[in-house]
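Protein chains in written order, with the numbering used here: chain A, -10 to 189; chain B, 831 to 1057.
Read the hints as simulated data drawn from the structure, not as lab findings.
Think about it this way: if two alpha-carbon atoms lie no more than 30 Å apart in a straight line, the pair counts; the simulated DSS-like pairs of lysine-lysine are: (1) B:K849 x B:K870; (2) B:K1048 x B:K1037; (3) B:K837 x B:K938; (4) B:K912 x B:K850; (5) B:K1037 x B:K1055; (6) B:K912 x B:K851; (7) A:K145 x A:K57; (8) A:K153 x B:K849; (9) B:K1021 x B:K984; (10) B:K870 x A:K63; (11) B:K938 x B:K870; (12) B:K870 x B:K851; (13) B:K984 x B:K1031; (14) A:K153 x B:K851; (15) B:K912 x A:K153; (16) A:K94 x A:K63; (17) A:K94 x B:K870; (18) B:K912 x B:K849; (19) B:K837 x B:K984; (20) B:K870 x A:K153; (21) A:K153 x B:K850; (22) A:K101 x B:K837; (23) B:K870 x A:K57; (24) B:K912 x B:K837; (25) B:K984 x B:K1048; (26) A:K101 x B:K870; (27) B:K837 x A:K63; (28) B:K1006 x B:K837; (29) B:K934 x B:K912; (30) B:K1055 x B:K934; (31) B:K837 x A:K153; (32) A:K63 x A:K101; (33) B:K849 x B:K934; (34) B:K984 x B:K1006; (35) B:K1006 x A:K101; (36) B:K870 x B:K912; (37) B:K837 x B:K1048; (38) A:K101 x A:K145; (39) A:K101 x A:K153.
Here the structure is a predicted model, which is why all the values come from computation and not from measurement.
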Amino acid sequence: MADADVKTPVAEGGEAAPEAAEEAPKKQVDPDFEPEIIVFACHYCAYAAADLAGSMRLQYPSNIRMIKLPCTGKLEVIHLLKAIEAGADGVYAAGCLEGECHYLKGNLWARKRVTHVKDLLAEVGIEPERVEMYNMSSAMGAKFAEVATEFTERIKALGPNPVKRAGVDAHAAAREALGGAAMPDDPAPSAATSEEGHAE
Amino acid sequence: MITAERKPLDEILALVGDKKKVLVAGCDTCVAICLTGGEKEAEILASELRIKAQQEATGAEVEHTAAIRQCEWEYLDMIADKVGEADIVVSMACGIGIQSMAEKFSPKIVVPAVNTNMLGMPQEHAVWLERCGACGDCVIGETAGICPVVRCSKSLMNGPCGGSHDGLCEVTGPEKEEIECAWALIWERLKEQGREDLMIKNRAPKKWNLSSSGGPRKMVREEAKPV
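The shape of chain A in the complex, shown without the other chains (with noise of 0.2 Å):
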């Protein structure tokens, strides 16, 4: 039964959209835009990917702002849309490789939401590649830098989102859509706090 909803995704590939470079419109980009991306990033992977990113003092751009989440299916077409509505330039999620998802199905499920997502943004004359979706596991630091510098590319090709809106916080709108499903973030190590940090 749920084996073809399954397959779909899969066969979809979990990398960024190679069609996504082709359809990019051919817009002036402006060397000073500096877009505002808003990462779902699942607590089992991304974010312990991003933290190992760090550690390993891999570069990626600082234009990602992230959200953490107990599992990307934690994820609604509603989140990512608001995301946008409230003018992040870009959304990604970035879950678990597929078939290693901590709640078995939970990246599968995000991947169809952001395909979902996509078609809606067509509908209403936004780029579809301003948001996507990738899988990483936890022990991927250099691919979560990777990606994070690939989508953020992206987006500064494709332009500021054109219902960004000043004064409006995108990454505070989208945890408030997210109610209590977004997790609180892991406190930030500092030189100072950072043995004790670890320590806990």
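Let chain A serve as the given structure and place chain B on it in line with the hints.
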């Protein structure tokens, strides 16, 4: 349950026109269960309309709400305040709910955001099949619990026709999908039930005047009317 599908956004936008205060009203009964017009879907449509409005700087304000059931007066009272503030209501209920809204809040303009399509059952999660045509003269007692009115492409009362092959109908669905021959299904189940004789029974023309061809129908239960 009653099922419906959302209209394309362009059609909804054309219905909304240049109205400035838009209320998207979901219905949390049938259309919520078929994942088309509940509060969740109303919120999604409202978000889409806001994105569109912002992009085109129309200045339209879009909100959403949902009634537990748009087809009953009492539940409409609960959303009356929000409806009162709107220039136009985009209803995501079935045709019954939309008309109840239009009548209750007349002369408020109420437009549909969905196409009501059938009385269906969820065969599996996210798949619905038509099972009843509300024809007003049920025959399934003699057809092994399978409705020939909606499940036979030709609504034959004395099937199957010559277009039945290997259990499939000669007609294909809108997406070219195969349709099971209702009369082949009826025959198979009648055999299981040991009631094959019902297959050769000649059924007289049905009372179609009880269906929608007899004009709008009305049902009154005198014993249940308030005294």
